[in-house]
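Asks: Residue numbers (my numbering), protein chains in the order written: chain A, 183 to 417; chain B, 414 to 703.
Check each hint, because a few of them may be wrong.
Result set (DSSO-like, lysine-lysine): computed pairs, CA atoms no more than 30 Å apart in a straight line [to be verified]:
| hint | chain 1 | residue 1 | chain 2 | residue 2 |
| --- | --- | --- | --- | --- |
| 1 | B | Lys701 | B | Lys678 |
| 2 | A | Lys289 | B | Lys602 |
| 3 | B | Lys602 | A | Lys337 |
| 4 | B | Lys602 | A | Lys290 |
| 5 | A | Lys312 | B | Lys701 |
| 6 | A | Lys378 | A | Lys394 |
| 7 | A | Lys308 | B | Lys578 |
| 8 | B | Lys578 | A | Lys289 |
| 9 | A | Lys337 | B | Lys601 |
| 10 | B | Lys578 | A | Lys290 |
| 11 | B | Lys699 | A | Lys308 |
| 12 | B | Lys508 | B | Lys578 |
| 13 | B | Lys578 | A | Lys337 |
| 14 | B | Lys497 | A | Lys289 |
Honestly, the hints are just simulated from the structure, not real lab data.
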Amino acid sequence: MSPLLSMENLTGGYGDADILLNVDLHVDQDEIVVIVGPNGAGKSTAMKSVFGLLTIRGGKMLFDGDDITGWAPNRIVQRGICYVPQVDNIFREMSIHENLEMGGFLKKGDLTAAYDRVYELFPDLKERRKTMAGSLSGGQRQMVAMGRALMLDPKLLLLDEPTAGLSPKYMEQIFQICRDVRDTGVAILLVEQHAKQALAFADRGYVLAAGKNRHEGTGAELLADREVAEMFLGG
Amino acid sequence: MELLELLNFYVIPGIVLGSIYALGAVGITLIFAILRYAHLAHGDLATLGAFIALAVVTALGVSPLVALPVAIIATAAVAVGIDKVFYEHLRERPKIVTVMASLGIALMVRSVVQVVWGVDTQTYTRGIVRPEDYFGLRIRDRELYTVAAMLLLVGGLQLFLTRSKWGKAMRAMSDNPNLALLSGIDNKKVVMLTWIIAGGLCAASGFFLGLNTELKSMMGWHMLLPMFAAAILGGVGRVEGAVLGGLIVGIAEELSVLVIPSEYKAAMAFAILLFMLLVRPTGLLKGKVL
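Put together the whole structure using the sequences plus the hints.
Replies: Take a look at the structure:
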């Protein structure tokens, strides 16, 4: 079976500078893939490249049978990839429910089924659906952000450092939610700063450094790799 | 001074003037929130709306209130047109460029008004209107219409912003433009909607100023400062704040006559604006900081 998303030999960046150099990466259906690596390794950039947010100068991007290299973000959204930025990922002055409604903006017709699905994943949000998103705690905001992105029933969810700034308790909760989301048939590609924890929880991982692929494998393999441990995981 | 006298001569005219400012300030606050610049042609657009209504009144001989919807629609169309022809091309440039351009538009719109309708003072209806007596409060019908229309229009706008899909999209664009785009919200449609609403409210503002006073080619320009003061006082991006701000500025201007010469009435708005920017730049209802 061909992968859901595959990045082949991708080179690109912002403006004239190339940040990614010949990156190869793929995500299969029903799997959680994590990208880890030191600061400035191009982790978030790799993710943004999927979403058409940077200039691609080489290689290509295939998604679910289509070549999506160079597509505009709104077209990619409609094709089934939703993206949760690391910061500013909610509408602060709108209620939780309205945040979800905006997530489903492009969907024609009734949103009831989509709301139900999201509220089932995040029961906490259902209780507080009328609450302004800006008044929530960091972990709950992240849930709103993920909920918003899930409203369009994407096939692939992109998460940019979903646990940044969260307490260990919330980090575990977000990881658990990621597993729940995967179990509903949505693949997840995420970038993580907390490399150890993320590799332990993800199905597969990539270690990126200086814009290049350095290592890839299952989470357990990477965690066991001495070089990876020394280079990126702080021993 | 008696309470009734205070109410009749200062507070009631202040509420009427404040409602007129509020109609303009709501548009200014929406443009600030969604397009992120100060629209300096707002006052002259209001003048245009007032004169379009005058044209309808003189051409068809209808009552001014019948002409109002026509003026609202026509001015909304003009606002959308101005955006398409001028502002849209400046969207990627620094915002100050558009602010300056809007000053140019202000002069253009005013010149068109002066060429078409002349520079003389005009009115919708001739003759003196006597106020009705409501338990000692003396209120003219047109004053009631002004306040009622403001409440109706702003109430309708609030419903639109909180209940409809596109109204929420406007709030989303104001709240977090990047995320709105990531969610697939069409920026162009939101911008157009903003101009339709701001232009229509502008026309209403100019119309009611004309109905309660007179029509002059400079009428809107003179309202620009109080309208901005109202928008900033209420908190940029806050529709209900703009109404509150408008009412406060209007009443403050009328009351100021008690302590300073009436020629300096207009300075009140300036004083309020300065004071707010110094003390609480987010406005009374915590709007955006610019």
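Asks: Which numbered hints turn out to be false for this structure?
Replies: Checked against the structure, no hint fails, so every one of them is satisfied.
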